[in-house]
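K.L.:
Sequence:
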Amino acid sequence: MRGAPLVNVNSARVLILNASFEPLHVCSVKRAVALLMHEVAERVEDGDKVLRSVNRSFPVPSVIRLKRFVRRPFRQRVAFNRRNVFKRDDHACQYCGERSNDLTLDHVLPRSRGGSTSWENVVACCNRCNARKRDRTPEEAGMRLLRGPYAPRFIFSSAYGVLPDIDPIWVKYLP
1 MRGAPLVNVN SARVLILNAS FEPLHVCSVK RAVALLMHEV AERVEDGDKV LRSVNRSFPV
61 PSVIRLKRFV RRPFRQRVAF NRRNVFKRDD HACQYCGERS NDLTLDHVLP RSRGGSTSWE
121 NVVACCNRCN ARKRDRTPEE AGMRLLRGPY APRFIFSSAY GVLPDIDPIW VKYLP
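Residue numbers (my numbering): 1 to 175.
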């Protein structure tokens, strides 16, 4: 563990999984360690940071799993709006990949041809690509989507609000 970075227990984040390995929540390291010490949860993955006491050092968990299944109420779908589409698409144009704060929404199948305004038909798009695509499908415009549109099933939330970035270790536990 020598040389591993130290951690701020209040700002670092840990993914909490249900007993069924379904993602439930994101919490602070402090909360995660408390759940581990009270044997409510078990370690699944450790990060690269450590907690140190006078006599010992502990690997900081990145993912923990509750030992008992927690029922949670049925969750509504994630609200469809501009902000959430931009979050889903990581504030990047889905045609050229340009990251920008000045994006528009593009209907993959244009509305004039019966395309719906829904998660499955709308992507973030820069103004240049939107003007190039016009009222055509990507195939007709000779353009290719970097990632197709989809309805997100899980939004990361914590006491601090929606989290913009995730730990790469978490990817295999997310839908």
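Please keep in mind that the hints were generated in silico from the structure rather than gathered at the bench.
Ideal Cβ positions, reconstructed from N, Cα and C, are used throughout, including at glycine.
Be a bit skeptical, because a hint or two may be false.
Here are the simulated lysine to aspartate or glutamate pairs, EDC-like style, with alpha carbons at most 16 Å apart [unchecked claim]:
1) K87 / E39
2) K49 / E39
3) K49 / D167
4) K172 / E22
5) K67 / E42
6) K67 / D102
7) K67 / E98
8) K67 / E45
9) K172 / E45
10) K172 / D46
11) K67 / D48
12) K87 / D102
13) K30 / E42
Listed next, with one range per pair, are the computed distances between beta-carbon atoms [stated by the list, open to error]:
14) E39 / V78: 30 to 36 Å
15) A141 / A19: 45 to 51 Å
16) S116 / L24: 30 to 36 Å
17) L109 / F58: 51 to 57 Å
K.L.:
With reference to the structure, classify each hint as holding or not holding.
P.N.:
Verification of the hints:
1. Pair hint K87 plus E39 does not hold up; C-alpha atoms about 35 Å apart against a cutoff of 16 Å.
2. Pair hint K49 plus E39 does not hold up; C-alpha atoms about 21 Å apart against a cutoff of 16 Å.
3. With a CA separation close to 13 Å, the supplied pair K49 and D167 stays within the 16 Å bound.
4. The hinted pair formed by K172 and E22 meets the criterion: a straight-line CA distance of about 11 Å does not exceed 16 Å.
5. The suggested pairing of K67 with E42 holds, with an alpha-carbon distance near 7 Å, which does not exceed 16 Å.
6. Restraint check: the Cα-Cα separation between K67 and D102 comes to about 45 Å, which exceeds 16 Å; the hinted pair is violated.
7. Distance restraint check for K67 and E98: the Cα-Cα separation of roughly 43 Å exceeds the 16 Å cut-off, and the hinted pair is therefore not satisfied.
8. Taken as a hint, the K67 and E45 pair is honoured in the structure, with Cα atoms around 15 Å apart against an allowance of 16 Å.
9. With a C-alpha separation of about 11 Å, the suggested pairing of K172 with E45 holds against the 16 Å cut-off.
10. Note on K172 and D46: the hinted pairing holds, with a Cα-Cα distance of about 14 Å set against a maximum of 16 Å.
11. A distance of roughly 24 Å separates the Cα atoms of K67 and D48; the hinted pair therefore is violated under the 16 Å criterion.
12. About 13 Å separates the Cα atoms of K87 and D102, which keeps this hinted pair within 16 Å; it holds.
13. For a cut-off of 16 Å, the pair hint linking K30 to E42 stands: about 14 Å separates their Cα positions.
14. The hint said 30 to 36 Å for the Cβ distance between E39 and V78, and at roughly 33 Å that hint holds.
15. Restraint check, A141 to A19: a C-beta distance of roughly 48 Å satisfies the suggested window 45 to 51 Å.
16. Restraint check, S116 to L24: a C-beta distance of roughly 31 Å satisfies the suggested window 30 to 36 Å.
17. The supplied range of 51 to 57 Å is met by L109 and F58, whose beta-carbon atoms lie about 52 Å from each other.
Violated hints for the displayed structure, listed by number in ascending order: 1, 2, 6, 7 and 11.
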